[in-house]
Every structure is written in C-alpha cells, then in structure tokens.
Amino acid sequence: MAMNASDIERLIKEGLPDAKVEIRDLAGDGDHYAATVISAAFAGKSRVQQHQMVYKALKGSMDADLHALALQTSAPDV
Amino acid sequence: MSEAVADRIRGEVESNDVVLFMKGTPVFPQCGFSNTVVQVLTYLGVQFKGVNVLEDDDIRHGIKEFSDWPTIPQLYVKGEFVGGCDIIREMFESGELRDYFGSKDIALETA
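Protein sequence lines, in the order shown, are assigned to chains A and B. In terms of the numbering used here, the first sequence opens at residue 1 and continues consecutively. In terms of the numbering used here, the second sequence opens at residue 1 and continues consecutively.
If you're looking for bench data, these hints aren't it; they were derived computationally from the structure. Yeah, the Cβ is synthetic: ideal placement off N, Cα and C, and Gly gets one too. Heads up, a few of these hints could be off.
[What the hints assert, rightly or not] With a Cα cut of at most 27 Å, we get these calculated DSSO-like pairs of lysine-lysine:
(1) B:Lys-64 - A:Lys-56
(2) B:Lys-78 - A:Lys-13
(3) B:Lys-104 - B:Lys-78
[Claimed, not checked] One-sided and incomplete, this derived list gives chain A residues near chain B with beta-carbon spacing under 7 Å:
(4) Arg-47
(5) Val-48
(6) Gln-52
(7) Met-53
(8) Tyr-55
(9) Ala-70
(10) Leu-71
[Unchecked claim] Beyond 10 Å from chain B on every Cβ pair, some chain A residues (computed):
(11) Asp-25
(12) Gly-30
(13) Asp-31
(14) Ala-40
(15) Ala-41
(16) His-51
(17) Gln-72
(18) Pro-76
Taking the hints into account, I'd like the entire structure generated from these sequences.
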C-alpha cells in the first residue's frame, strides 16, 4: 500500500512537532520518498538515534505501507 | 523475536568485525539500497561479511527488532550498529566513514 507525502509529513510532525519536513516523491509511484527533517529534538543525538526518532513517529508505516524513505536529518543551525 | 534468532544475530555481529545484513549477496545484491552500501564498502576496500536476509525470514524480521531499525541494509562494525543506506552514504560522502573505520582499527585497502 502506498502513502501520500502529506500523510508522511503529518505523522512526522505528530511525533516531532517542531520539525521542518520536506518530502520528495522520488519515483512518482507513492512508494519511494526522500524526506529531509530538521528538528531541535535532534540536537546532541547520533544519526542513528535521529532516524530512529523519525521511524518511531511513522509508527510502523515503514514496514507496512512505505517501501522506501530516504532520510536526511539534522538539528537546526544555531 | 525468539532468543535463538537473537543469539544467531548476536553471533554474526560479534564474530565478524564488519557485517552487512542485506538483500542478496555482496556479489549479487538484490536491492538498490543494499547495493549502495556494498559499493561504498568495496570502494573503501573494507572486508565484510554479507548476511542475505532474503534467505532467512527469521533473520529478516529479527534484525529489525534487534537494532530497532525498520529497514535493510544494516551495517555493524565491531558489534556497533552504524546505520542503514542513507547514513552510510552520508558518512561516506563527508569522509566520516573512512575516519570511522580508522577509529575502529578496520583495515582499508586503498584502491
């Protein structure tokens, strides 16, 4: 099952309310996306931890509904 | 995940310095993301063991729980989960990955 970019953005923002989220549909098939997520919650966290926080916000959608989400995360520049 | 599966994953991760859980084999990756990581490791000249999750459903699902990480590939270095395709690519492009292997005393064969 495919997912809308807006659903992905909404889920991420539910989990990380301050996040700036940018989503690109890579293949136009609703199944391969790239997301850039910037959130103050990432400060001091490793990349693995940052991505885990996004995956957690997506609540299992990565397994079931979303085939591929290329992620890039960072804390905002101070 | 059963204890037996967790033990097998732990065994792979602890007995090999660099392990890549992937779809397909290093010679014949069956997924673009797995292929990307294979290419990066090969480029850096890192010896690694590939574990093909497509051959083992227990490992395929277990590894996601093991690392609390929902996607494959997954790279482990000396027991530590380093990341999936995006992180490895980002670290490679910034030069961080080479330094990371250095800090872990992993030999790189310079091409």
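A quick look at each hint next to the structure:
1. B:Lys-64 - A:Lys-56: holds (13 Å)
2. B:Lys-78 - A:Lys-13: Answer violated: B:Lys-78 to A:Lys-13 is near 35 Å, above 27 Å.
3. B:Lys-104 - B:Lys-78: Between B:Lys-104 and B:Lys-78 the Cα gap is close to 8 Å, so the pair holds against 27 Å.
4. Arg-47: holds (5 Å)
5. Val-48: holds (5 Å)
6. Gln-52: holds (6 Å)
7. Met-53: violated (11 Å)
8. Tyr-55: It holds, given that the least Cβ distance between A:Tyr-55 and chain B is near 5 Å, below 7 Å.
9. Ala-70: holds (5 Å)
10. Leu-71: Because about 5 Å separates A:Leu-71 from the closest Cβ in chain B, which is inside the 7 Å limit, the hint holds.
11. Asp-25: Per Cβ check, A:Asp-25 is outside 10 Å of chain B; nearest 17 Å; holds.
12. Gly-30: holds (18 Å)
13. Asp-31: holds (13 Å)
14. Ala-40: Holds: least Cβ distance 20 Å, greater than 10 Å.
15. Ala-41: Per Cβ check, A:Ala-41 is outside 10 Å of chain B; nearest 17 Å; holds.
16. His-51: violated (7 Å)
17. Gln-72: Since the minimum Cβ distance to chain B is about 7 Å, A:Gln-72 lies within 10 Å and the statement is violated.
18. Pro-76: Check passes; 18 Å lies beyond 10 Å.
This entry does not satisfy hints 2, 7, 16 and 17, going by the numbered hints stated previously.
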